[in-house]
Amino acid sequence: MEQLLITTITILFFPVACLLLLVVLLASIGKSLGLRRKYVQFLLKVFEFGQHKIEKAQQRQENPDDEEEEEGEEIDDEGKRVIRRDISVSLDGLKFHSARQDLILGELKKDFHISDAMYFAKCGMEAVIEDDVTKCFTAEELKSWNFLTRTTQGHQFISVRLTILWCLGFLFRYCFLVPMRLVVLSIGLLWLIVSTAFIGYLPRNKFKGKLNEYVSLMSHRILARGCSAYVVYHNKENKTSNGIVVANHTSPIDVIILSCDNCYAMVGQAQGGFLGVMQRALSRATSHIWFERSEVKDRHIVAKRLRDHVEDKSKLPILIFPEGTCINNTSVMMFKKGSFENSDRIHPVAIKYDLRFGDAFWNSSKMGMLGHLWEILTSWALVADVWYLPPMDKQEGEDAISFASRVKKEIVKQGGFADLDWDGMLKRNKVKEEWISKPQEEYSKLLKVE
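FYI, in the UniProt record's numbering the residues of the sequence shown are 1 to 450.
For the record, the hints were derived by calculation from the structure and aren't laboratory data. There may be inaccurate statements among the hints.
Said to hold, decoys possible - Result set (PhoX-like, lysine-lysine): computed pairs, CA atoms no more than 25 Å apart in a straight line:
1) K352 with K236
2) K239 with K210
3) K413 with K236
4) K210 with K53
5) K53 with K143
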């Protein structure tokens with residue numbers, strides 16, 4: 001009996017070991033057999049089938065009373081908003097959501113009425129119900145079910161076919177994909193730590209730079225395969241070999257996604273735990289900039305190191321996420337000006353994830369990095385598009401804030417994101433007093449003064 005068990009395990013282990021070896025080897029040289037693309041296409045067909053079944057079930061449950069209630073709902077074109085605003089308070093002051101293109105705020109002079117306070121009260125109540133900032137720090141709701149259990153709708157129990165598909169998908173993800181991904185991730189992480197430790201002992205020269213570039217690409221490609229990442233890179237002719245690269249930020253996984261196609265030095269908050277291990281490993285091979293956000297003196301040191309790095313054309317391009325925090329990939333929030341004060345040329349990159357296959361957003365206030373990694377490992381895949389945008393130069397007389405805003409708008413346009421002027425650090429910090437007084441100043445400009 002024991003001999004039979006050993007023989008069975010050996011027979012099963014051999015093809016699995018060969019598959020793992022093939023995955024690692026292909027990742028090492030940046031090649032693919034096209035299986036991930038076929039896998040993604042197959043999943044899309046399964047999702048379409050599931051959505052068709054759900055729509056049929058919903059149609060059977062609908063009645064005339066429900067239709068009358070739905071006619072009174074206020075939603076936007078994408079069906080995501082709870083309310084529709086005619087006036088709102090923003091970082092720039094008051095915003096009028098008018099269809100008139102010729103509406104100029106400065107020309108709307110009026111007398112003061114005590115009822116004007118109701119507009120501010122209305123804006124406050126609307127913000128309590130739904131504001132533009134809070135929803136950026138929660139996972140986006142999907143338009144259609146993706147056969148994952150992260151839903152309260154109970155779609156898997158609508159029909160026998162959907163139940164069977166959901167059960168098969170659950171077994172496939174947890175019994176096959178998760179073990180395979182864990183092994184590949186472990187190999188990639190071990191290779192990264194060992195190889196960077198070796199490179200760290202080499203003298204700084206051209207050979208060390210080339211070796212670090214090869215090892216970095218190889219390690220991050222293996223790590224990406226461990227997440228079943230399928231990434232399409234657009235406009236590769238805009239890739240750079242030096243300078244400052246800025247991108248929208250969804251998760252620390254962004255670094256892996258971008259580093260599969262180019263080698264970067266990085267700037268970021270010093271971390272502990274799993275991320276700290278990664279940061280220390282990367283720092284052995286090349287110069288990265290890690291800092292404590294709470295330390296004021298660190299800001300001056302970082303600014304100086306950034307300038308020195310940009311001026312040295314032999315160094316790697318430095319990757320910066322100017323939002324300073326993770327956003328759920330539906331919006332892009334305010335870019336901090338610090339990155340745009342140290343260089344007159346910026347290389348923008350837009351990263352857009354397909355949330356149907358798995359949520360790439362890291363809600364750091366609710367879970368640690370390992371919990372976030374586990375969610376990715378138990379998802380179907382990590383599907384993303386990356387656009388290298390043409391380099392942008394600072395215009396004559398343009399300050400860092402305006403330059404940052406202009407770069408952000410290009411990323412927003414390419415990725416199809418919502419453009420928000422609010423600071424992403426509102427997730428952690430109290431609202432500044434000048435932001436509170438800004439709408440008051442704008443309102444005072446509307447009043448007629450004798």
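Against the structure, the hints come out as follows:
1. Distance hint between K352 and K236 is fulfilled; the C-alpha atoms sit about 16 Å from each other, no more than 25 Å.
2. Between K239 and K210, the direct Cα distance comes to roughly 17 Å. Compliance with the 25 Å bound is thereby established for this hinted pair.
3. Our distance criterion of 25 Å between C-alpha atoms is met by K413 and K236, whose separation comes to about 18 Å.
4. For the proposed pair K210 and K53, the alpha carbon gap of about 53 Å is over 25 Å, so the pair is violated.
5. Of the supplied pair hints, the one linking K53 and K143 holds, its CA atoms being roughly 14 Å apart against a limit of 25 Å.
Going through the hint list in order, the structure does not satisfy hint 4, though it satisfies all others.
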